[in-house]
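Engineer: Residue-level listing of the chains:
Protein chains: 2
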Amino acid sequence: MSYKAAMGEDYKADCPPNNPAPAGDSGPDATEAEEDFVDPWTVQTSSAKGVDYDKLIVRFGSSKIDKELINRIERATGQRPHRFLRRGIFFSHRDMNQVLDAYENKKPFYLYTGRGPSSEAMHVGHLIPFIFTKWLQDVFNVPLVIQMTDDEKYLWKDLTLDQAHGYAVENAKDIIACGFDINKTFIFSDLDYMGMSPGFYRNVVKIQKHVTFNQVKGIFGFTDSDCIGKISFPAIQAAPSFSNSFPQIFGDKTDVQCLIPCAIDQDPYFRMTRDVAPRIGYPKPALLHSTFFPALQGAQTKMSASDPNSSIFLTDTAKQIKTKGNCDVDVSFMYLTFFLEDDNKLEQIRKDYTSGAMLTGELKKELVEVLQPLIAEHQARRKEVTEEIVKEFMTPRKLSYDFQ
Amino acid sequence: MSYKAAMGEDYKADCPPNNPAPAGDSGPDATEAEEDFVDPWTVQTSSAKGVDYDKLIVRFGSSKIDKELINRIERATGQRPHRFLRRGIFFSHRDMNQVLDAYENKKPFYLYTGRGPSSEAMHVGHLIPFIFTKWLQDVFNVPLVIQMTDDEKYLWKDLTLDQAHGYAVENAKDIIACGFDINKTFIFSDLDYMGMSPGFYRNVVKIQKHVTFNQVKGIFGFTDSDCIGKISFPAIQAAPSFSNSFPQIFGDKTDVQCLIPCAIDQDPYFRMTRDVAPRIGYPKPALLHSTFFPALQGAQTKMSASDPNSSIFLTDTAKQIKTKGNCDVDVSFMYLTFFLEDDNKLEQIRKDYTSGAMLTGELKKELVEVLQPLIAEHQARRKEVTEEIVKEFMTPRKLSYDFQ
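If you read the sequences in order, they're chains A and B. The first sequence: position 83 = 83 (the working numbering), numbered continuously. The second sequence: position 331 = 331 (the working numbering), numbered continuously.
Hint data in this document are derived by calculation from the structure and do not stem from the laboratory. The structure displayed is predicted, hence computed values, not measured ones. Even glycine gets a Cβ: it sits at the ideal position worked out from N, Cα and C. It cannot be assumed that every hint is accurate.
[As the list claims (entries may be wrong)] Which residues of chain B face chain A? A partial, calculated answer using Cβ under 10 Å:
#1 199
#2 202
#3 334
[Unchecked claim] These stretches of chain B come out as covered by chain A in the derived footprint (C-beta under 8 Å, 3 or more residues):
#4 186 to 196
#5 216 to 226
#6 230 to 242
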């Protein structure tokens with residue numbers, strides 16, 4: 001192969017190419033030339049089509065959610081698979097078959113997901129894991145813990161402790177508005193729960209004893225100039241993967257299987273968790289990974305809560321939605337795959353739009369008509385979330401579930 | 001100066017000397033050739049006379065406790081200074097004059113000391129900070145918090161969480177037996193208190209945000225292979241220096257001055273704490289530093305709780321004390337300076353022993369006669385420390401004190 005074919009540019013003496021292929025073994029997380037970069041803080045792709053998720057599965061070492069697994073979930077639950085499964089929005093997993101094995105043998109599991117409360121403003125993209133987690137809670141009838149990492153946001157952002165904690169409580173209201181069962185759901189702020197639980201800190205220290213700085217440097221790219229809070233934080237996101245972090249729910253049981261639905265950028269935390277688990281005598285958590293929700297401007301990056309034009313916010317009015325709905329046509333169609341429940345209608349739109357029978361304006365109108373009631377209904381449900389309801393969800397307590 | 005005079009050996013080509021003097025500025029903590037090495041885990045001196053404490057004051061940047069300061073403490077409290085002050089056993093301080101300024105103006109302060117519970121076995125050397133802290137509590141009439149760093153011992157040693165926590169509770173009994181006022185003293189295990197306090201974790205995260213890995217590497221010598229628990233631990237030893245870590249005692253007051261009596265090897269933690277304090281809006285803690293208690297084998301190192309022959313343990317019988325009392329004669333005299341209250345008698349012994357009028361056997365007999373009742377009385381008081389009393393000391397609660 002010629003130099004140009006390999007490097008994409010002509011050879012110049014003493015002037016290395018911009019993106020040389022890494023020499024030797026580069027490890028699973030290394031960014032290779034032309035490859036997407038995905039970690040909890042950065043999602044970058046050079047492709048206009050967005051992140052290559054099949055490649056990500058190979059690089060992260062997870063498994064594809066294939067038709068067979070989706071059929072198995074349908075058989076186990078007796079429910080039609082959620083549109084996020086039907087349409088490949090949750091596309092990757094770790095050990096989901098093990099969870100189903102256990103479930104079919106009447107063995108318990110619990111769900112764990114979370115959110116980093118960096119501001120009061122949440123957008124529709126933030127709801128993806130929660131919409132799906134609510135469905136999982138409903139069809140499997142299992143308890144759920146939701147971690148609000150206000151400590152993380154305090155450590156990473158220019159926020160006070162009280163601001164970060166305030167965002168956690170505000171965001172909890174939007175999460176509750178997704179319809180979680182109050183009898184089966186515990187939402188917690190790290191800043192609060194650490195000071196309320198006899199089991200949580202013990203698991204945090206256990207994990208912290210079994211992970212070195214070298215390891216978090218490799219996984220998260222931390223440097224010597226990072227504060228010691230960031231360096232030790234991954235243990236705090238890992239700890240809810242182990243059931244005895246919640247003695248009020250699981251007593252001293254250490255072996256209740258955990259299933260984590262999350263966007264794939266959170267996987268590094270749980271690769272670390274799964275590495276540590278057997279060394280401290282706990283089962284590895286299983287995972288279900290989603291793709292990223294595209295920004296209105298296009299599919300190349302995750303959306304940002306700090307850019308009001310990058311997405312549809314949960315506080316947007318019908319009028320704002322209509323204006324923002326006038327976005328890139330491909331993005332319009334992609335949004336419909338997330339939110340239009342009717343498979344036949346979606347397929348018809350796809351055909352008509354591809355063939356030219358449907359005009360761009362009509363496609364965008366379809367999207368606006370899906371989003372307006374969705375956001376309005378969310379806003380109505382959120383209004384009904386009183387301070388008392390938030391307090392109840394966020395109080396450590398027994399949950400009701402059917403485990404033997 | 002010749003090469004040999006400077007380096008202690010003849011010049012050999014291409015073969016550097018074993019202990020070259022460091023090049024350039026070596027920072028306050030660098031071990032220089034011939035200098036003592038002191039950090040929380042290692043105390044090393046090449047001198048048979050033990051650590052050079054005057055040099056340590058210069059290197060650590062603390063201040064000597066001089067006659068003037070001791071007189072001031074006497075005037076402020078109206079009490080004769082403790083023998084540990086009269087005899088230079090507490091020899092160094094930071095900001096003690098500020099504590100006295102505040103005290104004389106009826107401004108409150110509190111005491112903070114601690115122990116790393118690495119085993120059940122405590123020796124007389126471990127009691128030094130507690131004997132002195134009890135005296136400070138009595139003469140100043142102030143509240144006291146005592147941190148049992150069972151999380152630290154779990155992280156550093158081959159212990160389970162339950163073992164480390166068990167040692168914390170056992171050691172608390174020996175500490176309580178020193179005579180602390182139950183109405184003015186809170187003893188806590190980190191593993192317990194982190195999960196019980198709304199204020200403690202918040203301060204830990206605050207400190208962790210303001211200290212980098214580079215900083216703890218410089219102060220404590222951590223490396224990339226250290227676990228992230230060790231790396232972030234210094235924040236946990238720092239947090240009790242700030243009064244709002246104890247809302248049950250101080251409410252949300254952030255400005256109650258803290259005074260920390262401890263052995264000088266703990267100073268690195270509090271240099272870090274004092275560096276962080278103004279950046280998070282808190283007052284710097286003041287310190288009183290003690291020398292190390294010599295091992296029976298000689299003054300070159302700290303004693304070790306894991307070597308039964310290195311010291312007098314709190315569980316030793318009168319017979320064991322008698323046997324161990326047959327130690328190095330200089331150590332015998334040094335022990336008397338710690339435990340013989342009578343200044344005149346101590347001076348007489350010093351004179352007689354130096355002149356040869358007192359025989360070695362007699363000196364050792366004096367020591368045994370001081371230690372036997374001291375240990376027996378300690379054992380009697382410890383017997384009276386019931387589980388209920390331990391529980392009371394270790395329960396977060398209001399303390400009674402006279403602050404305005």
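Engineer: Against each hint, give a clear statement of whether it holds in the structure.
Structural biologist: A quick look at each hint next to the structure:
The criterion of a C-beta within 10 Å of any C-beta in chain A is met by residue 199 of chain B, whose closest approach is roughly 7 Å, and the hint holds. Hint status for residue 202 of chain B relative to chain A: holds, with the closest Cβ pair at about 6 Å, below 10 Å. The restraint placing residue 334 of chain B at the interface with chain A is violated, with a minimum CB-CB distance near 38 Å, outside the 10 Å limit. Restraint check on the segment 186 to 196 of chain B versus chain A: 5 residues with Cβ-Cβ distances below 8 Å, three needed, restraint holds.
Remark: the segment 216 to 226 of chain B is confirmed as covered by chain A, as 7 of its residues place a Cβ nearer than 8 Å to a Cβ of that chain, reaching the required three. Against chain A, the segment 230 to 242 of chain B contributes 4 residues with a C-beta closer than 8 Å to a partner C-beta. That satisfies the three-residue criterion, and the hint holds.
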